[in-house]
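Participant: Working from the sequences, and respecting the hints, build out all of it.
Chains A and B, in that order, give the protein sequences. Here the UniProt record's numbering is used: position 65 in the first sequence is 65, and no number is missing along the way. Here the UniProt record's numbering is used: position 112 in the second sequence is 112, and no number is missing along the way.
Any copy will do: because identical chains look the same in the list, a pair fits if it lies in one copy or spans two.
When the alpha-carbon atoms are kept at most 25 Å apart in a straight line, the in silico PhoX-like pairs for lysine-lysine are as follows:
{"no.": "1", "residue 1": "58", "residue 2": "11"}
{"no.": "2", "residue 1": "230", "residue 2": "174"}
{"no.": "3", "residue 1": "334", "residue 2": "425"}
{"no.": "4", "residue 1": "23", "residue 2": "11"}
{"no.": "5", "residue 1": "182", "residue 2": "168"}
{"no.": "6", "residue 1": "334", "residue 2": "414"}
{"no.": "7", "residue 1": "426", "residue 2": "334"}
{"no.": "8", "residue 1": "208", "residue 2": "334"}
{"no.": "9", "residue 1": "182", "residue 2": "223"}
No lab work stands behind these hints, which were simulated from the structure alone. Being a predicted model, the structure only gives us computed values, none of them experimental.
Number of protein chains: 2
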Amino acid sequence: MDAAEFRRRGKEMVDYMADYLEKIEQRPVYPDLEPGYLRSLIPSEAPLEPETYEDIIKDVERVIMPGITHWQSPNFFAYFPASCSYPAMLGDMLSGAIGCIGFSWAASPACTELETVMLDWLGKMLKLPECFIAGTDGHGGGVIQSTASEATLMALLAARCKAIRRVKATNPKKSEAEILSKLVAYTSEQAHSSVERAALIGGVMMRKVPTDKSYAVAGDVLKKMVEEDKAAGLIPFYFCATLGTTPSCAFDHITELGPICNEENIWMHIDAAYAGSAFICPEFRPLLNGVEFADSFNFNPHKWLLINFDCSAMWVKKRTDIIGAFKVEPLYLKHENQESGLVTDYRHWQIPLGRRFRSLKMWFVFRMYGLNGLQAHVRKHVALAKEFESLVRADKRFEICAEVIMGLVCFRLKGSNELNQNLLKKITESHEIHLVPCQLSGNFVLRFAICASSTESRHIQQAWRHITQLTFELLQETSH
Amino acid sequence: MDAAEFRRRGKEMVDYMADYLEKIEQRPVYPDLEPGYLRSLIPSEAPLEPETYEDIIKDVERVIMPGITHWQSPNFFAYFPASCSYPAMLGDMLSGAIGCIGFSWAASPACTELETVMLDWLGKMLKLPECFIAGTDGHGGGVIQSTASEATLMALLAARCKAIRRVKATNPKKSEAEILSKLVAYTSEQAHSSVERAALIGGVMMRKVPTDKSYAVAGDVLKKMVEEDKAAGLIPFYFCATLGTTPSCAFDHITELGPICNEENIWMHIDAAYAGSAFICPEFRPLLNGVEFADSFNFNPHKWLLINFDCSAMWVKKRTDIIGAFKVEPLYLKHENQESGLVTDYRHWQIPLGRRFRSLKMWFVFRMYGLNGLQAHVRKHVALAKEFESLVRADKRFEICAEVIMGLVCFRLKGSNELNQNLLKKITESHEIHLVPCQLSGNFVLRFAICASSTESRHIQQAWRHITQLTFELLQETSH
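Facilitator: If you want it as structure tokens, here you go:
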């Protein structure tokens, strides 16, 4: 394919993309097929000779689309949102053509520098404390990670390294292995599974902190666990707080937890993967109070800030902490400017070495929406969630299972877990809307998350009519 | 930006992308600017109100392009190639519009199933042993990782978990911490820095194995180290072999190393990040002989197989080994089909949870080029490297520092390291071509890697004329 053909096919693809998103509502949101469906639809080996573009694009509708769970459909209410916006796609297209791998400043200065400045822009939108902003001479700063899982892991590894060095400084005879075996990390029992995974990767113990009635961790509970562990000879070193948990969007009490972590030399990382985007709105910003105690903070603009995956924003207070975690410096990656204070080599901030030019899509989105446009997007989702909450509350057969603060509504039929499992099964099998469950206080709960940017009030009303219709059928079947 | 505007702007962007790549030779390959250049060119905060698209696209030339190291320029000979092709960009555009997050089969069946089949296609192109192919009932299979660094780390973590379980099975009283402190991993002293980093992350010892005259690891050297370590009470558990090292594209002797690893219960991972693409050509496939002894194998189609970053292909012989490394399964990620043998939940195969629909770009590239087209691409690069090698060999002032097998030529001026450092400085400051150095046997060496798909014989000839002109100037200055 030469440039001339790309000009033609690229423009056709732009139309296909726009058509797909404009007419997405006509597609069943969740596919109706059996595992292994795709293999029989295509050859078992790559072709020897080139095929035509027509052949390929025809196969997109024949092979791919039947197997897509349409995350951008206004009838998709599962997991949390995955952002998709036209400006972000344009930024990504440009990034694809530039095709640079920005692991160091020299590998493409614009790729590194735009990222640092975009993270500053975003940090200022969130009103993060000054210590997290890179500026021209700050000690902190931001980085784009692929996912929140990687941010959690990077923070844990940096904390592990810092704790080992600290213990070794006062007990030079202790081996690293001995110290490692005493390190203990903490997170909410409601925290995302990736936090537990980070501890497994890092080879450290992880203790789950029980939550209060609102599914949040309070200061005294952590304090007590830390005291017990210290008395048992363990070394508390890392706490991952969650702002907006995955099951119910609960908010740990970081104003209580932060001072405890600071006193105890425990690295506090805040995972606000979903909820973080909302902190750009003044009315939600108080939920971030206490961030000043954190060593690192992370959220996913690719969830709720209209920037396509992957774009997970992470800030650290002291960049030396994260860089120092495992700096390895071979000659083929050295460059003249690397000792300068203005230069950031992002490869030291992350697990992978290579990195795409992802700040381009942030730049496009921030400028094409403006802060006001981004706030409007967040507020619309919250209003839609409140609308759904009212519908649920007005129906005495149902109950709301957690306070609705942002775009997630946790609800269930009053009754057994089996009843609710059957309701979800009916919903999934109808293919009209898509939800996933969670567990809260031993209850099987349905999560209704506002996801697509095209979701409107009519979709909420339709979804509720659909759910109540299936409930009616289910209760009839059950009573027979 | 609504769909109508995206149709217009998207088509303009397609033209911009094609223009950029068609005229890239006119741009200086390496930017001439000081660190911190970008911050002063744009506002210090995001705008409140939306800006126009015209404003943004104008800024691409004003702000971004002056700071780009043009990896796709035919005058770029640094690091290793970063693939960029029109079919891959079309696949990525489609992936952006679909915007699914394929962490599990249910999260988008097509995203998972196409990936499994594409990794089978690619595995067959490489003639990987059957045990690495997923098929409909294989025990092995492939996955797309973001980078080779992540593949190396995943393999090390799987090996660590397997070793701990094995030791615990015969010594139930040993603690995990105790076992962990005895584990020892190995890799070539020429291996990529990310291998050392994987050991740091995994909290295990890493020993660097000395190489022979061709910068490759031989079996007897590893054997001796393993014996010594076992005698000292350590537990050898992981060896990362390299096929095509970063400094000089050397090939470890895996036919010797593999049987040793198998005998000693050492997980052998093969990192062929750059060179792996060449194994689709029958004439290079013998270099992969011995892969049958490996537990996992990885290379980067995003380097040399015309698939845009990120696309690092990894295969494992036993998928249970890698999945078992840290499976954490919360309710909100469970789905009905997950117990079936046909279902793959790729989140268990990787560090991040979320994942883009990256197999689309593989599918587009494999079909638009065909195996023959991909082989032609590899062969063209190797021929260009040989052409450059001949030019160097014909000039008695220079020497070739390592056998030229693929698209990389390591060379230097006969003389001091300082002389060669000064030559590279001149090359970098001229901004006409771009190279990076490496160190071989204590010598400062220049690496000349064929990178762009648009590089032709005339660029090689021009580059050599440029280098000899700068050499002439340098030697004149030095003699004064």
